[in-house]
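Enquirer: Here is what each chain is made of, one letter per residue.
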Amino acid sequence: DTGVSQDPRHKITKRGQNVTFRCDPISEHNRLYWYRQTLGQGPEFLTYFQNEAQLEKSRLLSDRFSAERPKGSFSTLEIQRTEQGDSAMYLCASSPRLAGGRNEQFFGPGTRLTVL
Amino acid sequence: DAKTTQPNSMESNEEEPVHLPCNHSTISGTDYIHWYRQLPSQGPEYVIHGLTSNVNNRMASLAIAEDRKSSTLILHRATLRDAAVYYCILRDSAGGTSYGKLTFGQGTILTVHP
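Which chain is which? The protein sequence lines are A and B, in order.
The first sequence begins at 713 in this note's numbering and counts up by one.
The second sequence begins at 1084 in this note's numbering and counts up by one.
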């Protein structure tokens, strides 16, 4: 399978615990995005990496959230001191470096987080 | 990214054509029109995109109004597998600091009846 993969697919945690999600993009894609999706809403942008550099962070990404992409390959998204409001689907997407607004993004299946 | 407006839901019968509208009256000259869809319990997937001319691919057709203020995604023969949320998104090709992020609205929930 050469698509975007995410691990774990589901995570249930207690409020206050830390969680970490992993995303493996399509190997030749240098752009990587994280989105969050709550029930009934469209995905919302969280952060963007170009290779290993984190170039944009949404205001949605509070201090409890941190993302990394070491060596420009896989990426991790960590949430510290989880809150019930963090319950959502966390989606990762990757895209190749193409000019302009033409490049499509390839999404993974997502990690569904439930905070009890 | 500029805002788009879509109906909340639409229904279709299997094997009939479906026309999904999108209004984007504030579109700029450098905005591409992208469509993604999200099947139940899956991440979004790219469907089609265009700038000015109508576009066709194996999944769908995109009809763009002459003034570019609206567009229509056309599924020529709906199947049960096409039941999904369809998102119309504008992507700025002019560069800057948008970095290609997608700004999703609530989309149109398409129900396909057998």
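Take the hints with a grain of salt, since some may be wrong.
[Said to hold, decoys possible] In silico EDC-like links for lysine to aspartate or glutamate, alpha-carbon gap of 20 Å or less:
id, chain 1, residue 1, chain 2, residue 2
1, B, Lys-1086, A, Asp-775
2, A, Lys-769, B, Asp-1175
3, B, Lys-1086, A, Glu-756
4, A, Lys-726, A, Asp-775
5, A, Lys-723, A, Asp-798
6, A, Lys-783, A, Asp-798
7, A, Lys-726, A, Glu-790
8, B, Lys-1086, B, Asp-1165
9, B, Lys-1086, B, Asp-1150
No lab work stands behind these hints, which were simulated from the structure alone.
Enquirer: Check each numbered hint from earlier against the structure, then list the numbers of those it violates in ascending order.
Expert: Numbers 1, 6 and 8 - these are the hints that the structure violates, sorted from lowest upward.
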